[in-house]
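Student: Each chain, letter by letter, is given below.
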Amino acid sequence: MISRRSMLVAATMLAFTAAPSQAQDKADAKVKVVATFSILADLVKNVGGDRVEVAALVGPNGDAHVYAPTPSDAKTLAAAQVVVTNGFGFEGWLERLVKASATKAAMVVATKGVKPRRSTDDHGHGGSDPHAWQSVANVAVYVANIRDGLAKADPAGKGTYEANATAYLAKLDALDRELKGEIAKIPADRRRIITTHDAFGYFRDAYGIDFIAPQGVSTESEPSARDVARIIAQVKKQKIPAVFLENVTEPRLLKRIAEESGAKIGGTLYSDALTDAKGEAPTYIDMMRHNVRQLATALMS
Amino acid sequence: MQGGRGVTLIYDTLIGPFAEYEFLRRALAGALALAFGAGPVGVFLMLRRMSLMGDAMAHAILPGAAVGFLFAGLNLYAMTAGGLIAGLVVALLAGIVARTTELKEDASLAAFFLVSLAVGVTIVSARGTNIDLLHFLFGNVLALDNETLLLVAGFATVSLLVLALIWRPLVLECVDPGFLRSVSRAGGPVHILFLALVVMNLVGGFHALGTLLAVGLMMLPAAAARFWARDITLMIVIAGAIGAASGYAGLLVSFHSGLPAGPAIILVAGAIYAGSVLLGSVGGLLRRGIPRRHLEA
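Protein chains in written order, with my numbering: chain A, 1 to 301; chain B, 302 to 598.
The hints are simulated quantities; they were obtained by calculation from the structure and are not laboratory data.
DEER-style ranges, computed between Cβ atoms:
{"#": "1", "chain 1": "B", "residue 1": "Leu-415", "chain 2": "A", "residue 2": "Gly-279", "range": "29 to 37 Å"}
{"#": "2", "chain 1": "B", "residue 1": "Gly-307", "chain 2": "A", "residue 2": "Gly-262", "range": "31 to 39 Å"}
{"#": "3", "chain 1": "B", "residue 1": "Leu-587", "chain 2": "A", "residue 2": "Ala-233", "range": "39 to 47 Å"}
{"#": "4", "chain 1": "A", "residue 1": "Thr-70", "chain 2": "B", "residue 2": "Leu-587", "range": "49 to 57 Å"}
{"#": "5", "chain 1": "A", "residue 1": "Ala-277", "chain 2": "B", "residue 2": "Glu-403", "range": "54 to 62 Å"}
{"#": "6", "chain 1": "B", "residue 1": "Thr-314", "chain 2": "A", "residue 2": "Asp-189", "range": "34 to 42 Å"}
{"#": "7", "chain 1": "B", "residue 1": "Tyr-312", "chain 2": "A", "residue 2": "Ala-137", "range": "47 to 55 Å"}
{"#": "8", "chain 1": "A", "residue 1": "Lys-239", "chain 2": "B", "residue 2": "Ala-572", "range": "36 to 44 Å"}
{"#": "9", "chain 1": "A", "residue 1": "Ala-277", "chain 2": "B", "residue 2": "Ala-427", "range": "15 to 23 Å"}
{"#": "10", "chain 1": "B", "residue 1": "Ile-311", "chain 2": "A", "residue 2": "Val-109", "range": "53 to 61 Å"}
One-sided and incomplete, this derived list gives chain A residues near chain B with beta-carbon spacing under 8 Å:
{"#": "11", "residue": "Arg-226"}
{"#": "12", "residue": "Arg-252"}
{"#": "13", "residue": "Leu-253"}
{"#": "14", "residue": "Lys-255"}
Don't be surprised by glycine CBs; every beta carbon is placed ideally from N, CA and C.
Full structure from sequences and hints, please.
Tutor: See the structure below:
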């Protein structure tokens, strides 16, 4: 029995050694994957499991809109076998970095097949709103793209990736139902908030909460006195119950708006970046759950 | 009736926004404090041919504020302390080098502010985060809370008081530094105190306007005032008034047109400067053609 099993192991090892791709030179060599920002990195970790080693160019709490790549990023890219990007013009800085690093990595665009939403502001990212991960249904597409991309770059791991992806998709499915259940409890006429960053368009479409933002889609533009006055007037007129802070823009401005309009200040909503392991949203699933709970708490009262 | 409607229109355009929105009143209060604090300092900088020093100091302050932000988050006092320390260290070192070696003050200042900037950027990127650095560059005059407003107003008050105290030696040093040195040894300390005022006003300004635009409310009114007065006292009064008018008009422009508030204030100041260059009663381009009395000593 034992000897037959060790024969089998040896045969498997041989098969790995014989495989053409350099990645499988050693059975324990991991596939090097680079994701452009923390949310994608989390998805890749869930699909790739132990077979992949993931690095995020823009780490937890970083703002991928205004990111300035460093030379070490080019080095990371050059060593990568797979690069996972969001697409929809989110990573404007990436193209030049890819050229500069001369990487031969396979490129996986996570939003491939996602129906783009028009950006609400005309000064956005070339028309398509890039924040598609704010809808769990879209992230199911992300996961499928990542699964296929990984399987193509590392055919030997195809079975693992498929099994991991199926398990994770089931979790996403449960998450989607949970979020919809939470939001169903909020009275329909209170499902309106104001937040600094217009990154929740897909969330609005999927879950029916209206997000009104004082700034455009990008964090690069500064609100004018007219914008701020309009928001305050709007909060007062439409009796919007809550104002939310967000982890990448000026919090003092929102406090001012809340004070002047009488709206409640909600907790932090995470839109473009996860927190580190100690924070409130270390994974994508945690992030979505956290956001919906924050919304429910502020809007129910 | 016609007249009544006109008055309403004027009220809605010029006063109504401030009556209706508290954030605009706060922004105006902040802008006025900055104008009255920084304007006079700007006049002295200009008269001493150190106009570009404000810009250099703004760069020196930025990394200090960023380091404060890294250690304490968006904390007003940490960022203020960081900015003050970085600015004062650069001003002191540059002053010492300029007074003890052959190197002129502008050159030593350039050297130190660049080093400060590089140190700041290094520390920030070593911590691996790039959040919100843009806020230091552009600030937000629309988001002034009580603490920030008190700080800005406090800095302006202290600045004016200190300026009154060191007025005589400061004016003397502008006119004739050699004479001041021959009659008094106050030149060195007064100079350093003056540099400290520059730093303080810029640190106060960056919370409202950001490090770079704060320099605009210091230098543009001063440069414009130069075209309206020969007398230093009058020049300072005019600079303060021009700064205040820029703050008020800039906020209105931002309110009615949707331009960002900080840049709008500085653009108005720039327009006043351009108008002064052309029309100013003292050496304005268009007045030069008109014959006038000879200068009297």
